Amino acid sequence: MTADGTDGDRSGDGPDGVVSLEEIPLHSTNLLSLLDSDGVIRYQSPAIARLCGFEQADLVGVPCTECFHPADRERVAAAFDNVVASEEYTVEAVEYRHLNADGSYTWVESVASSTPTPDGYYVVNTRDITVRKRNREELERANERLEAFADVVSHDLRNPLGVAQGYLAMNEDALPPDHYAAIADALDRMEVLIDGLLTNARVESRGVDLRPVDLRRVVEACWRNVVSADATLHNDVDVTIAADELQLARLLENLFRNALDHGTDGVAITVGALPDGFTVEDDGPGIPDDERADVFDAGYSTSTHGTGLGLAIVERVVESHGWDVRVTEAPTGGARFEITGVEFAA
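Numbering (UniProt numbering), first residue to last: 1 to 346.
What the hints contain is simulated information worked out from the structure, not anything from laboratory work.
Computed from a predicted model, the values in this text were never measured in an experiment.
Quick reminder that beta carbons are idealized off the backbone N, C-alpha and C, glycines included.
Among these hints, one or two may not hold up.
[To be verified] Pairwise CB distance ranges (calculated):
1. 266 with 129: 35 to 45 Å
2. 137 with 90: 37 to 47 Å
3. 145 with 89: 23 to 33 Å
4. 100 with 135: 16 to 26 Å
5. 242 with 93: 17 to 27 Å
6. 273 with 232: 13 to 23 Å
7. 331 with 162: 21 to 31 Å
8. 149 with 289: 34 to 44 Å
9. 73 with 273: 19 to 29 Å
10. 136 with 159: 28 to 38 Å
11. 162 with 113: 55 to 65 Å
12. 129 with 232: 52 to 62 Å
Can you build the whole structure from these sequences, using the hints too?
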């Protein structure tokens, strides 16, 4: 580095054309800066020209805060001060808007560590995150639209469905039993379908709110929501896991319903523990090997009463948590779902 904060001509430093350690800042697409303990810029790599349009020496001697958007200055300065003041090894990463030569701003992410160079300077690595920031904002807007759509669908479909169910109940005695049963079954399937569509949409749009969750308690609560008079639950878990409780409940309820819909009368369902997760299995007919790869596809169902959304929702919840799900055969010959990659909470 020369006295003006530039690198000078070092094109011949590396032997046989190999880039030397000193030349790395010349070739890096990221901006490498050296700041003193007061936050004054003492060196910047040539990437400043590509990133912000400044010449390499333009900002040398300038307090770094003058390069930040006014709304970001206090937050970014506090992060740098934390690095300088730390007595232990610390790394701070912060996103902010960096001034461009034309007066506009570019979204960047800077990473600094608390270990200074022999000259007492702090190394800051900065990269352009404009595309990542734009994609994130577009995803947030899409999720907001999806959430709004789900709310409208919920209101506009549930209201007429509730009216239809009410009129059906009022006219039960006026209908032949087989006609009444067929209509009631169709309305019930519509309700399950609406619930499934809304759950799917909200898993996509709301993200995951991880908190310590008592798995045994949630299993019991979900079973009460779907319980069948001739079915039995064996709840063999007593652990606390990191999960979004609402999404976990949807996962369990759909696995329970799947067992009830496809099982025999008096089906027994067992929830058990794994070293890194839990299982839900039943003693029903099981799932053939050649169908296990398809069971999580939306619309797939072997039941005349199924919507084909239940196990698709299970897979969405699993994916949103970063878990894994595998379907195999239970010791009783029934279906066994193994949820792994689960983090246990203290």
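Against the structure, the hints come out as follows:
no. : hint                     : verdict
1   : 266 with 129: 35 to 45 Å : violated, 57 Å
2   : 137 with 90: 37 to 47 Å  : violated, 29 Å
3   : 145 with 89: 23 to 33 Å  : violated, 43 Å
4   : 100 with 135: 16 to 26 Å : holds, 21 Å
5   : 242 with 93: 17 to 27 Å  : holds, 23 Å
6   : 273 with 232: 13 to 23 Å : holds, 19 Å
7   : 331 with 162: 21 to 31 Å : violated, 43 Å
8   : 149 with 289: 34 to 44 Å : holds, 38 Å
9   : 73 with 273: 19 to 29 Å  : violated, 50 Å
10  : 136 with 159: 28 to 38 Å : holds, 35 Å
11  : 162 with 113: 55 to 65 Å : holds, 60 Å
12  : 129 with 232: 52 to 62 Å : holds, 53 Å
Consistency note: the structure conflicts with the earlier hints numbered 1, 2, 3, 7 and 9.
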